[in-house]
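Enquirer: The lines below spell out each chain.
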Amino acid sequence: MIVPLLVGILFFTFMLVRIGSQDPVGLLAGPTATQAEIDMITRDLGLDQPLFVQFSYYMTNVVQGDLGESWLSNRPVLSDILQRIPITLELLFWGVGIGALIAIPVGLHAAFRPGRAFDHVSRFLSLLGFSIPTYWLGLVMLFVFFYLLGWAPPGIGRIGLIVIPPEPITGSYLIDSLLQGSWEAARSAASHLVLPVICVAIVAAAPIIKHTRAIALEVVGSDSVRYARASGLPEAIVRRVVLRNSTVPVMTFVGTELTGLVGTVSLIEYVFAWGGLGQYGLNAIVAGDFAAVQGYVLALALFSVLVFLIIDLLVVILEPRASEQP
Amino acid sequence: MALLQVDDLQTRFISRDLDNQVRVAKAINGVGFSLGRGEVLGLVGETGAGKSLTAQSMIGLLRPPAKVVDGLVEFDGRDLLSMDPGALNALRGNEIALVVQNPLTSLDPLTRIGDQLIRVHRAHRKVSVAQARERAIDMMAAVGIPAPERRMRAWPHELSGGMAQRVLIAMALINEPKLLIADEPTTGLDVTVQAQILDLLRDMVRRMDMAAIVITHDLGVVAHYCDRMAVMFAGAIVESGPVDSVFAGPAHPYTQALISATPERLALGSGAIVGGPPPDLYALPEGCHYRGRCPHAAEVCGSAPPDREIGAGQVARCHFAGNLPAAFQ
Amino acid sequence: MTEASLRPTRDAAGMPRALARIVGIARRSPTAAIGMAILTGFAGLAVFAPLVMPYDPIAAFPREILTAPNSEFWLGTDGNGMDVFSRVIYGARYAFGIAIPAVILSIVIGVPLGLWTGYVGGYVDEVTMRVFDALRVFPSIILALAVVAATGQSLVNVVLVIGVLDSPIFARVVRSEVLALRSSTFVESAIAAGNPTRRILFVHLLPNAIQGAMAQTAVRAAWAVRISATLAFLGVGIQAPTPEWGAMIRQGAEFMVTGQWWVALFPGIALILMVLGLNMLGDGLQDLLNPRRKA
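Chains as they are written, first to last, in numbering that gives the first Met the number 0: chain A, 0 to 325; chain B, 0 to 328; chain C, 0 to 294.
Keep in mind the hints are simulated off the structure, nothing from the lab.
Incorrect hints may appear among the rest.
Calculated from the model, a selection of chain A residues having no Cβ within reach of chain C, i.e. all distances over 12 Å [stated by the list, open to error]:
no. : residue
1   : ASP47
2   : LEU160
3   : PRO164
4   : GLU166
5   : GLY170
6   : LYS209
7   : ARG238
8   : PRO248
Reference listing, derived: stretches of chain B covered by chain A, where coverage requires no fewer than 3 residues with Cβ under 8 Å from a Cβ of chain A [unchecked claim]:
no. : segment
9   : 87 to 93
10  : 104 to 110
11  : 115 to 122
Quick reminder that beta carbons are idealized off the backbone N, C-alpha and C, glycines included.
Full structure from sequences and hints, please.
Expert: Below you can see the structure in the form of structure tokens.
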């Protein structure tokens with residue numbers, strides 16, 4: 000199942016630059032190129048070959064780790080991406096982690112008392128969270144907390160300009176500087192993290208609240224929980240049954256949600272000049288840097304596939320019924 | 000004194016439709032019966048007659064928008080309808096136990112069955128885990144589960160329907176309840192297993208000297224396993240009495256129709272299919288609710304029918320009870 | 000339908016029937032009612048924009064660059080000296096103008112696709128669903144961005160890309176309804192009566208399967224408004240000085256850290272309200288059309 004999916008993803012990223020109206024040969028050759036030069040570049044890029052031959056070249060290259068070269072950075076796309084992955088993951092990890100830690104209890108609480116004030120308020124906040132454009136939220140936060148109040152650093156990068164960044168170990172400035180005991184760097188990295196992480200957390204929390212509530216409500220109404228109530232189990236135990244039976248669906252939902260969130264994180268990176276994979280990818284898209292766009296989209300898709308695989312694995316561990324199914 | 004006394008129970012579904020009009024479905028309309036210790040009552044009727052809803056109303060398991068609006072339910076001298084929810088919860092699974100119709104989905108899928116038995120026992124009895132485990136194994140053996148110690152570690156999804164129903168019965172009986180309510184206990188099971196489960200239920204009820212209510216649409220179940228029966232139609236009991244006398248001389252036209260529609264009667268050629276749609280609970284007719292389907296309906300049926308005593312303990316809610324031509328002899 | 004027309008046209012309180020129904024829906028789902036009210040407001044602004052706007056949305060006042068909100072320019076002016084209030088109002092036209100055709104396109108592609116794959120089943124269905132699954136590993140925003148950037152940056156293209164990328168949602172909803180309906184008696188008897196496939200699909204299945212798809216429209220429109228604004232914010236698709244909310248936020252982004260907050264703040268609020276209105280309506284619709292969802 001996974002191999003056809005990967006081939007499909009590759010085919011899609013391959014087609015992404017070929018459905019375009021832009022002409023890479025013309026861009027490379029420049030306006031003064033002769034026909035002979037254009038032919039040569041076309042041959043060099045393999046564009047004179049049939050589509051499926053081009054695709055097999057592309058697949059072979061990708062499998063060998065060759066994602067082409069970025070026109071913007073003049074470096075191999077693969078190393079550009081690898082270097083930026085931990086930067087983006089740091090933001091994603093804190094943002095989604097904090098968002099989920101708030102959203103899941105809120106969703107559960109609402110589901111245990113449906114129709115009460117808490118339920119209505121959380122439902123409205125979740126709808127609001129769905130509706131706020133991430134990038135605008137980031138801008139407003141910068142205005143309030145940087146310009147007006149001066150509490151937050153400017154939205155440029157991950158650490159203060161005059162602070163010496165830690166030696167890279169994990170790639171996360173915060174964790175690396177803590178590991179190396181460089182408190183000044185840690186404080187600067189943490190203060191740079193706060194606003195973007197809050198933005199990601201808000202955007203991540205909204206759908207998690209909504210779906211946790213829906214999942215828990217369904218579990219509360221299920222035969223097994225109704226039977227638990229009919230057996231006179233104390234409320235605390237009934238809740239634990241609800242909790243355990245909601246875990247797998249909620250986890251699966253958060254997993255699928257991560258796919259969309261890496262897109263959102265890219266926008267946050269763009270606003271805060273975070274310098275991770277997201278900003279790199281968006282700049283590449285806006286500038287028409289095709290190799291980089293392909294690499295970026297491929298990286299995001301592979302990340303989703305990886306998340307799905309991990310979730311599947313966790314489900315098998317947590318769910319006694321899963322091990323029986325093929 | 001009766002163990003369970005139910006009087007004039009009224010349950011409604013109250014909702015609003017798209018035009019913001021309040022809509023009320025009269026689901027239970029004045030159900031009343033009493034049950035003595037050690038007695039087995041069969042509650043029969045077609046789908047939607049309110050059999051399960053009666054049980055749920057009694058023990059506080061209704062879900063909105065269903066609501067008990069009137070009536071009295073007295074169990075062992077205590078009023079269940081006005082009881083604090085916590086106290087009622089402590090009663091359920093303890094003094095009043097329930098066996099439901101979908102055992103496979105009713106067990107907690109993420110807890111081994113032994114742990115579920117222990118959980119129910121310890122929720123109501125101050126015993127150690129070891130004592131509860133011993134009790135659980137004993138109960139599993141008592142309900143005929145082979146190799147109970149090994150089965151304690153089984154997951155619910157590993158059980159067959161019949162085996163899961165045995166587990167539910169063990170869970171229901173583990174706290175030695177005074178009243179057992181079996182709601183369609185065999186509906187989802189294979190025919191061969193049905194008889195085993197019913198025999199098991201009857202034996203356990205006898206052995207533990209419990210009272211029991213068996214909710215079913217199967218008259219055969221009632222005939223074989225119950226002492227008394229109550230026939231429900233449109234949320235009310237239309238006829239009740241000792242099983243033998245009701246079967247020998249059904250007095251309400253609906254009961255007559257039900258009995259004549261049993262497969263045995265139909266095979267003999269003396270029966271008739273019970274026809275007609277169930278009445279609209281949102282707009283019940285004045286008078287007798289069975290009027291629309293009754294072959295004997297007359298003008299007088301437009302007024303509420305009385306409960307007529309036919310014989311020893313047999314009561315039918317019909318203007319003509321006792322004076323109808325026998326449907327079959 | 001016939002049942003409704005037999006009922007009296009006024010209820011007991013003497014309220015006209017249509018009003019009673021609106022009040023009824025509002026009581027059952029205040030969420031949907033508030034959402035509808037917000038949208039009606041925006042629709043009014045979009046339709047009557049020329050009457051409401053004090054200035055031409057793309058007229059620049061060179062002496063009034065970055066003026067703070069005052070009695071003359073209620074929401075201030077932007078970096079080109081254009082009136083933010085007029086531009087925010089005119090932006091409603093772009094929001095509707097993108098969302099409505101995009102959602103219609105999604106329905107036109109997705110609904111027949113869902114009908115067909117659900118009805119035919121087998122290989123066709125399997126392949127289509129696998130392709131949809133594969134598309135799900137790409138974040139929708141990035142997918143839309145990359146495709147618009149690659150295929151050419153025009154307003155029409157933005158609509159096309161959003162419409163096409165969102166059509167699987169409708170296809171999935173309709174397909175699952177069709178799968179449930181296909182084995183029902185009325186469809187089987189329609190087949191047995193010798194109806195041609197096209198007739199079964201559009202006469203027998205479509206009216207029954209469409210309700211689930213309709214419940215999705217408001218939420219999908221919200222998504223279309225969000226995505227188009229995001230594209231414009233990144234400078235892909237719609238370009239400044241078009242008075243589109245996302246493009247306006249892009250223009251105002253740099254002024255957020257220099258104190259001219261009004262340029263980006265107001266189009267953002269308009270965008271939030273519009274998307275919120277659509278989401279609230281969508282959420283309420285799903286409740287009304289699916290009573291099981293509410294406890």
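Enquirer: Confirm or reject each hint.
Expert: Status of each hint after checking the structure:
With a cut of 12 Å on Cβ distances, A/ASP47 stays outside the contact zone with chain C, its closest approach being about 21 Å. Residue placement check: A/LEU160 keeps its beta carbon more than 12 Å from all beta carbons of chain C (closest about 15 Å). Separation of A/PRO164 from chain C is adequate, the least Cβ-Cβ distance of about 23 Å exceeding the 12 Å criterion. Distance check for A/GLU166 against chain C: the nearest CB is about 31 Å away, which clears 12 Å, and the non-interface claim stands.
Against the 12 Å criterion, A/GLY170 stays outside the reach of chain C, whose nearest CB is about 21 Å from its own CB. The beta carbon of A/LYS209 is not kept farther than 12 Å from every beta carbon of chain C, the shortest such distance being approximately 9 Å. Every beta carbon of chain C lies more than 12 Å from that of A/ARG238, the smallest distance being close to 16 Å; the non-interface claim holds. No beta-carbon of chain C comes within 12 Å of the beta-carbon of A/PRO248; the shortest separation is about 16 Å.
Counting residues of the segment 87 to 93 of chain B whose CB falls under 8 Å from any CB of chain A gives 6; the rule of at least 3 is met. Coverage of the segment 104 to 110 of chain B by chain A holds in this model, with 7 residues showing a Cβ closer than 8 Å to a Cβ of that chain against a need of three. By the rule of at least three residues with a Cβ nearer than 8 Å to a Cβ of chain A, the coverage given for the segment 115 to 122 of chain B holds, with 3 such residues.
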